[in-house]
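J.: Chain residues, written in single-letter form:
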Amino acid sequence: MLIHPNIEIRDLGLYLVKEKTLIISDIHIGYEESLNRQGILVPRVYFKEFLLRLSKMLNHVDRVVLNGDIKHEFAGMSSTEWQGSKELFEVITGKEIVVIKGNHDPMLPYVFTKTKIVPFLRLGNILIVHGDVVLKEENPDVIIIGHEHCAIGLKEGMRIERFKCFLKGKYNASTLIAMPSCNLATEGTDIARHERLSPYLQQNLNTFEVFIVSDQVYAFGKVKELQ
Amino acid sequence: MIQFKEKADSKKDVEGLLHPIVKQWFFSRFEEFSNPQLYGVTEVHARNNILVSASTGSGKTLTSFLAILNELVDCAEKGILQDKIYAVYISPLKALNRDVSLNLLEPLEEMEKQSGKKLGIRVAVRTGDTTATEKQKMLKTPPHILITTPESLALLLSSLKFSEHLKHVEWTIIDEIHSIADSKRGVHLSLSLERLQRLSQGMCRIGLSATVAPLEEVAKFLVGTERDCKIIDAQSMKKYELELLSPVEDFVTESYATIEKKTYELLDKLIHEHKTTLIFTNTRAGTERVVHHLKERFPHKYESLDEETKEKSDLIGAHHGSLSKEHRLMVENKLREGKMKAIVCSTSLELGIDIGYIDLVVCLGSPKSVARLLQRLGRSGHRLHDTVKGKILVQDRDDLVECAVMLKFAKEKKMDRIHIPTNCLDVLAQQLFGMALEEVWDVKDMYKAVKSAYCYRDLTKKDFEEVLDYLAGNFISLEERYIYARIWWNKEEGKVGKKGRMSRTIYMTNIGTIPDQQGVIVKDQRGNKIGMIDEAFLEKLTKGDIFVLGGNTYQFNFARGMVVQVIPMPGRKPTVPSWFSDRLPLSYDLANGIGNFRLFMEERFKRKQTKKEILTFIHEYLFVDSTAAEALYNYCKDQHDYIGMPTSKKLLIEHYRDDQMKNYVVFHALYGRRVNDVLSRAVAFAISRSQHKDVEIGINDNGFYISYDRHVDVPKAFSLVKSKELRKVIELAVDKSEILKRRFRHCAGRAFMILRTYGGIKRRVGKQQVSSMILLNAVRRISENFFILRETRREVLEDLMDYDSALEVLQHIEEKRIKLEEIQTFIPSPFALNLVMQGYSDILRLEDRQQFLQRMHQMVKAKIALKNK
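Protein sequence lines, in the order shown, are assigned to chains A and B.
Under my numbering, the first residue of the first sequence carries the number 175, and numbering increases by one thereafter.
Under my numbering, the first residue of the second sequence carries the number 2, and numbering increases by one thereafter.
Since the hints were made in silico from the structure, they are not lab data.
On a predicted model such as this, the values are computed, not experimentally measured, just so you know.
Do not rely on the hints blindly, as some may be mistaken.
[To be verified] Dumping the calculated BS3-like pairs for lysine-lysine here, alpha-carbon to alpha-carbon at most 25 Å:
id, chain 1, residue 1, chain 2, residue 2
1, B, Lys326, B, Lys296
2, A, Lys344, B, Lys864
3, A, Lys398, B, Lys544
4, A, Lys329, B, Lys326
5, A, Lys396, B, Lys694
6, B, Lys694, A, Lys329
7, A, Lys344, B, Lys868
8, B, Lys862, A, Lys398
Build out the structure end to end from the sequences listed, making use of the hints.
T.: What follows is the structure, encoded as structure tokens:
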């Protein structure tokens with residue numbers, strides 16, 4: 175679904191048509207392992223499922239941008255994370271890969287020694303940045319962030335179902351697009367009910383547009399319509 | 002074989018067994034043997050399995066211990082007392098354990114004093130509170146009598162060193178067995194007993210029970226499938242003085258405020274006519290409310306002033322599970338010391354410890370089952386020949402009918418049947434793991450040991466092996482299996498053993514079947530505590546939501562940390578259903594009793610009997626005073642004249658439409674809410690499947706309703722629900738429910754798929770619930786029939802709800818033993834109105850996430866389109 179000139183939602187990723195670039199965000203490889211380490215013996219099915227979905231997102235893609243928090247653990251690199259990263263890179267092999275550093279990624283440069291790791295990426299008038307800190311960049315037209323793990327709860331009576339979503343609104347004069355996470359174990363943060371993490375989203379989100387991602391993309395209008 | 006012991010032994014027989022020291026002590030304390038003792042002591046002495054059913058205070062505990070103490074004293078005297086555990090005593094309550102230990106140490110001390118000899122008999126308590134030093138001491142020198150809880154017993158069985166001491170146990174006593182047998186704690190214990198029996202083959206089992214039915218089934222639970230057991234039924238010892246009281250003569254014409262005022266006045270009067278009164282309110286919130294009202298309405302009456310210190314102290318206190326342990330202990334102590342005029346509890350004082358002299362028990366509102374009523378009454382006159390004095394204060398007309406029939410059943414000793422859960426696969430997983438920690442097992446032996454427990458008598462090989470497969474990590478691909486595997490299972494050799502360094506620690510720190518509950522405190526704007534709600538429930542609330550707590554409605558304002566602020570909204574209809582309910586469900590058997598009473602009344606109305614004749618019948622049939630009889634007559638007469646009487650043979654289906662043109666179909670199904678939960682969901686499911694509509698449902702003990710906007714044929718849907726397909730239908734109907742999600746957490750915890758404590762860290766309930774959802778979705782991706790998921794469905798249907806009885810109702814309808822009758826009313830019958838106002842509501846939508854999303858999307862699209870017009 176095209177949500178902005180040149181920018182379309184493709185499953186959990188954003189596709190920049192002109193640049194033939196796919197952006198995905200917050201994969202958190204090793205999340206299931208970290209749950210296991212906390213005594214929640216979740217079978218590791220989610221990451222595998224994500225890789226399958228990713229492999230179907232790669233049509234006409236020349237470049238893949240991993241917008242931060244590729245792995246989950248802050249410190250070190252577990253063997254599962256090694257293995258997971260390897261599997262991820264196998265899926266996107268042959269594409270130009272750009273890794274944007276997230277807050278979970280201090281170890282990244284030591285791990286992905288052969289990959290280009292940048293604090294942000296500017297493609298023409300589009301700025302892609304993880305979103306944990308605000309970047310002082312000269313007025314881009316569009317800012318794309320991850321970090322927040324955007325989701326929204328749809329409520330009816332006692333039923334609340336949370337769905338991964340994209341948000342589109344404004345940050346100063348720029349258009350701001352916030353992405354959902356690519357980790358399938360959880361839906362993410364319900365941006366209408368919980369405090370937001372990203373400094374880009376410390377504002378009233380009422381006029382932000384919601385795009386829910388499920389079997390397809392559903393335009394849900396503005397956040398305030400859902401209250 | 003299970004058989005009743007019909008004849009007591011003679012006093013001489015029992016006396017003849019006793020060692021002179023024990024005999025001297027016994028008669029220095031008691032004049033004669035109590036009835037249970039005359040039946041039981043010789044059996045214990047002969048190491049026969051027995052189940053003793055007798056009222057509290059009838060010398061039940063001493064029945065079991067007398068022969069044991071006798072043996073130990075005899076051994077001590079002869080100098081052949083060994084350093085081993087002779088007897089294990091298990092009770093569900095730590096407090097009871099403390100009590101029992103004191104009640105053993107005291108006689109032993111007295112015997113030593115009287116005989117002037119040092120006997121050296123050791124008694125020790127082992128629970129979760131036992132310190133490491135004490136544990137070490139016990140390991141080095143085992144007690145002769147070990148007092149413990151079901152959970153600690155399971156731990157000891159898996160402890161390599163300590164289990165050595167459990168190899169020559171001669172007696173195991175299970176106290177309050179009726180209160181354990183109906184839960185997963187009991188299922189867990191039944192397997193521990195098999196494990197213990199394997200270590201101590203000659204051990205006999207002694208069960209101590211309050212009033213419960215059927216005793217045969219509890220006896221089987223006690224001894225398992227292949228052992229004999231004698232049942233000693235010594236229940237009818239106490240004299241009962243039971244009375245039904247109504248605060249007003251007519252519930253219909255009196256206002257709520259008047260009924261409330263009169264209730265408290267009556268309560269106050271009763272309290273002051275007696276020395277110490279114990280009041281049961283059923284709910285925690287009710288407990289707080291009663292204490293608050295009595296203090297406020299009768300200032301100064303419920304506090305005393307110490308003349309010297311000028312300190313005020315309360316003469317009334319609340320006691321329930323949400324109060325701190327310190328507070329409860331304080332209240333219990335004051336009670337025992339006789340410093341309390343009245344104590345108000347939810348259900349928490351039904352069981353257990355000696356609470357001193359109580360001369361009156363009051364049930365405020367129906368106790369919902371006969372067994373529960375008798376259990377409560379048993380708390381008064383805590384001595385053998387005292388008269389039990391109990392009053393039931395009814396709250397409305399339904400309550401009146403219910404309690405009147407209950408009273409009849411109680412006097413006639415017609416007990417409702419206990420439900421013992423079976424084939425619980427989560428508990429099985431935990432216990433098989435524990436067994437593997439003990440030693441390397443032959444799988445065949447393991448299966449046999451499990452099957453000898455009553456709760457697993459029908460366990461299939463397939464289920465058993467699926468659980469073993471889970472424990473061995475076989476549901477996970479090989480390279481990741483090491484994370485999940487707790488045992489190894491060599492299928493060729495048929496052997497099973499423990500695996501992993503952490504296994505033992507994991508087992509030790511996560512054992513048990515009682516799920517963690519974390520309550521959030523609910524307060525009103527003035528800071529008055531109203532009650533507790535579940536942390537997971539809080540997650541679902543948004544500002545403005547109205548929900549039910551303890552029978553009253555409140556509006557959710559906000560939450561800060563672990564405190565929720567609400568505004569009381571009396572009489573408002575809840576906007577969100579409480580999927581948790583701290584209300585006790587009416588027992589199915591009692592419900593049927595009420596249905597029969599209604600049937601007899603209907604017959605008399607149809608025969609055009611005079612009011613006088615019918616009143617005479619009421620007096621013959623029930624034990625009520627003339628005011629109550631009059632009220633009962635009026636209630637039934639109103640009902641009969643208006644829409645006819647729903648009875649045990651007739652299910653009335655009432656249709657009406659409210660002023661907002663909303664349609665209601667009310668099923669006057671008097672089967673208790675556990676049954677109605679199943680029936681209503683099945684009907685709603687049939688509607689959603691055949692007519693593609695979502696409906697709102699509400700249930701209570703006396704029936705359920707279904708409401709909808711238009712064009713739904715509810716009776717047709719009901720006729721589509723067939724007993725043959727009920728299981729399948731209801732499993733689908735609960736599959737997406739909140740309750741299933743919550744219970745999945747509990748089951749996954751018991752099966753150790755969610756470790757509550759891991760790496761020394763205890764996880765909060767809210768976090769457990771979040772992780773449990775991640776787990777549930779992952780498990781569904783593996784298989785919709787993963788055993789924990791299957792067990793969760795079973796627990797919801799069979800333990801939480803009453804699937805079997807619902808099935809029975811449906812079969813009776815199909816066989817036309819229950820007739821269906823439809824009526825259209827313009828004004829809802831009083832009963833229907835009551836149900837619609839009170840019954841919690843749930844919108845039953847059976848659409849899945851995807852369909853839900855699509856429907857919500859359509860709604861939003863329509864809204865936007867409307868705006869842009």
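J.: For a quick check of understanding: which of the numbered hints are violated here, in increasing order?
T.: 4 and 5
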